[in-house]
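*Asks:* Guided by the hints, dock chain C onto chain S, whose structure is given.
Line order of the protein sequences matches chains S and C.
Its first residue numbered 1, the first sequence is counted upward by one per residue in the working numbering.
Its first residue numbered 1001, the second sequence is counted upward by one per residue in the working numbering.
Hints are computed from structural coordinates only; laboratory data are not their basis.
Ideal Cβ placement from N, Cα and C applies to all residues, glycine included.
For lysine to aspartate or glutamate, the following EDC-like pairs were computed, each having C-alpha atoms within a straight-line distance of at most 20 Å: (1) K1057(C) with E1075(C); (2) K1057(C) with E1103(C); (3) K104(S) with D1040(C); (4) K104(S) with D27(S); (5) K1057(C) with D1029(C); (6) K54(S) with E1103(C).
Some residues of chain S that are not near chain C, with every Cβ distance over 10 Å (derived): (7) I12; (8) T20; (9) G52; (10) S82.
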Amino acid sequence: GIQVEQSPPDLILQEGANSTLRCNFSDSVNNLQWFHQNPWGQLINLFYIPSGTKQNGRLSATTVATERYSLLYISSSQTTDSGVYFCAVSPMSGGSNYKLTFGKGTLLTVNP
Amino acid sequence: DSGVTQTPKHLITATGQRVTLRCSPRSGDLSVYWYQQSLDQGLQFLIQYYNGEERAKGNILERFSAQQFPDLHSELNLSSLELGDSALYFCASSVEGQGSAGELFFGEGSRLTVL
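Okay, chain C solo, but in the shape it has when bound:
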């Protein structure tokens, strides 16, 4: 158990719909990262938050958004869903070091299927 909690574990929805994925980081970790894993793209970095503020952005679509709340949990919102958004979405957290992310710990992922 990494200490990072993600819900839901599985989600099936239809094209055009909107879903919210939730992540609770390990106790004491201020940084939260979101990654997408699809068969054709591998593991891709989406976005990072540090203590409530957006720190870095990767290959995140405009239809996707995220935020980190004062209690440090984070949510990833996916809207106008397309078939190609079907993937495993991971959240990770870390205690950042000086100029480095430090060791990242991943949750079990949320498997999204868009029909």
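So that you can see chain S by itself, here it is in the shape it has in the complex:
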């Protein structure tokens, strides 16, 4: 099946710093989503971005589908940004094109 690799696995920042999280995937995709799992376990949708660039406040994301990677940018980080960031994809073809496969996530800790 499709492989999803996220980097870095862990990231520690001071409040106010910027960061870039990366997601590499092994096949063409028809769906790519970024999620934030907060310390209470909730999975919050950040972006639905199978291709292109989107921005939402301090967060933005870019997916370069032809090169099979996506980037999530967090600017001016806040302590509330702490948690695990997941990238999830589903392949363009084959029997799994309705199923989201998750990466292992990036654990972000933002210190005050």
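*Replies:* Frame of chain S; chain C shown alone:
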């Protein structure tokens, strides 16, 4: 609030028991997905239903079963529970596009502890 409702939020039970987790999808979404999140396995796809029919199956154990009812809510039944079944179980729903799941929205999860 994603619009996906899961109950119960927390559940503690004993080995060998059976539990049922319930999910109500967002209004208008025909697809329901179940995922399991454990510390060692990460987020794993279990099963998908579309308008009452099973569409895709993932790493779901034979002791587990699910269904989607005519009102589109879904239930995940876990039986003969083992310690290793302790996990966070998520339900998600989506409006499917052409050949794609579309954007999935997740409920808050049901945290199952098996003692």
